[in-house]
Amino acid sequence: MMTKTKETAKKAMDRPMRVVGKKYASVSALVRDTAEAEVANEFDKYQADRRLINCLTVIRCANEVTQVELAKRMDCAQSKVSKMESSTDADLNFGDIISYARALKQSVSITFAPARKNGGDRIRFLIECIKHELDKLAKIAGDDKTIGDAVEAYAIETVQNMVKLIEESLDRLPHRMQQSNAPVSIEVECDRGQRLPLNGPKRVHKSAKKTAPVA
Amino acid sequence: MWGILKTDQYLRRYKRYDKKKKNELNAVLNNLDIFLVSLRSGKKPKPLIYGFLHGEPSDVIAIDQTGGQKLAATRLYVYPDVDTETVYLLTLGDKSTQEADIQDCEQFVKQIRADPNRGRTKDNGYDDEDEGDSQEGDG
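As you go down the protein sequences, you meet chains A and B in turn.
Position 137 of the first sequence, counting from 1, maps to 120 under our numbering, and the rest follow consecutively.
Position 62 of the second sequence, counting from 1, maps to 1095 under our numbering, and the rest follow consecutively.
Please note that a few of the clues may not be correct.
Keeping only pairs whose Cα atoms sit at most 16 Å apart, straight-line, the calculated EDC-like set for lysine to aspartate or glutamate is [what the hints assert, rightly or not]:
(1) B:1079 to B:1041
(2) B:1055 to A:135
(3) B:1048 to A:47
(4) B:1054 to A:25
(5) A:119 to A:132
(6) B:1052 to A:21
(7) B:1076 to B:1139
(8) B:1048 to A:16
(9) B:1055 to A:25
(10) B:1077 to B:1092
(11) A:88 to A:47
(12) B:1143 to B:1114
(13) B:1052 to A:19
Ranges between beta-carbon positions, derived for each pair [unchecked claim]:
(14) B:1091 to A:77: 26 to 32 Å
(15) B:1074 to A:71: 34 to 40 Å
(16) B:1049 to A:118: 40 to 46 Å
(17) B:1092 to A:77: 52 to 58 Å
(18) B:1130 to A:32: 28 to 34 Å
No lab work stands behind these hints: they were computed from the structure.
If you're wondering where the values come from, they're calculated on a predicted model, not measured in any experiment.
All C-beta atoms in this analysis are idealised placements derived from N, C-alpha and C, irrespective of residue type, glycine included.
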């Protein structure tokens, strides 16, 4: 008579697993494809109910901080951290969220804004946020030319990075994927009369050149 | 970018859990999502930085249901293939199937490590629009 271990080993040999289906970019996409719509919606809701606490858990682990260490920093018991991470966002205490984030040296900001209708509105809002931050830097620079030059250089670098990121997003558009490395090229006209290309010289393509004057 | 591939055994067990242990299933899949976020941010699969991850032989990782409340012990066995940036969903199980599950996983990992085309699907890309495949049975 075979022992239990031998039986299980035989079972594994008899029925090898095989990969089926396609590659998924996200767990949500996997569930949506594997289960019925109702089940998939339930899973999406399960995740939506834990978005904040999932995010905090990822930050804690990315910083290689254990629950015990975090509890020490928060001046509470480890069981409290564990309980928080097992909760839904609705069950979290606002003070605990702040305390958790601060213990991980994270700043917390809350934004109140009208419900956004679409992605375009959201992007416009984020651009306003960038402007707000750059305005603050400009205020700090005041009349100091050295700081002013540094702020200007930083602002240009920021826009260049944004162009690169936008280019990456646009590259996902189906019609652009058919072209090889179709570049997005933007030039900025400075108030000093200079024209600055916002992307690297290798990616500039005359046929795609557009001019975006900066106010 | 890290993506997910599933096995026939995972699909069979998924259907079983989907009927009987929905909350456990949601909890392990939520933890899988956290693990995936971590991989995409550049973290290596090991060391295991989350409490819900357990190391098994052959670099297989078991993801448990930690995070949900009052849930039965459940494990989702995965194999993160760093070379192809693919997380293979191998099988789902509990304590009663643990031994056999681990052996199945070891066998599978041996098999895919020997396959030069591993991590590739027919079109070698992500396709989230199609309907589910019909290759698996409900055994």
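Check whether the Cα positions of residue 1048 of chain B and residue 16 of chain A lie no farther apart than 16 Å.
holds, 13 Å
For the pair supplied as a hint, residue 1054 of chain B and residue 25 of chain A, confirm whether the alpha-carbon distance does not exceed 16 Å.
holds, 13 Å
Does the structure keep residue 1055 of chain B and residue 25 of chain A at a Cα separation of 16 Å or less?
Holds - the C-alpha atoms of residue 25 of chain A and residue 1055 of chain B are around 10 Å apart, at most 16 Å.
Against the 16 Å threshold, does the CA-CA distance of residue 1079 of chain B and residue 1041 of chain B hold or violate the hint?
Given that 16 Å is the threshold and the Cα spacing comes to 26 Å, the pair is violated.
Taking 16 Å as the top limit, are the C-alpha atoms of residue 1077 of chain B and residue 1092 of chain B close enough?
Cα-Cα ~12 Å, so holds.
Is it true that the CA of residue 1143 of chain B sits at most 16 Å from the CA of residue 1114 of chain B?
holds, 12 Å
Looking only at beta-carbon atoms, does the pair residue 1091 of chain B, residue 77 of chain A fall within the given range of 26 to 32 Å?
About 44 Å separates the Cβ atoms of residue 1091 of chain B and residue 77 of chain A, which means 26 to 32 Å is violated.
When you check the alpha-carbon spacing of residue 1048 of chain B and residue 47 of chain A, does it fall within 16 Å?
Violated, because 35 Å separates the two Cα atoms, which is more than 16 Å.
Could you grab the alpha-carbon distance between residue 88 of chain A and residue 47 of chain A and see if it respects the 16 Å cut-off?
holds, 13 Å
With a cut-off of 16 Å on the C-alpha distance, tell me whether residue 119 of chain A and residue 132 of chain A pass.
holds, 15 Å
With the threshold set at 16 Å, check whether the alpha-carbon distance from residue 1076 of chain B to residue 1139 of chain B stays at or below it.
violated, 23 Å
Starting from the hint 52 to 58 Å, judge whether the C-beta atoms of residue 1092 of chain B and residue 77 of chain A obey it.
violated, 41 Å
In the structure shown, a violation is registered for the earlier hints numbered 1, 2, 3, 7, 14, 15, 16 and 17, in ascending order.
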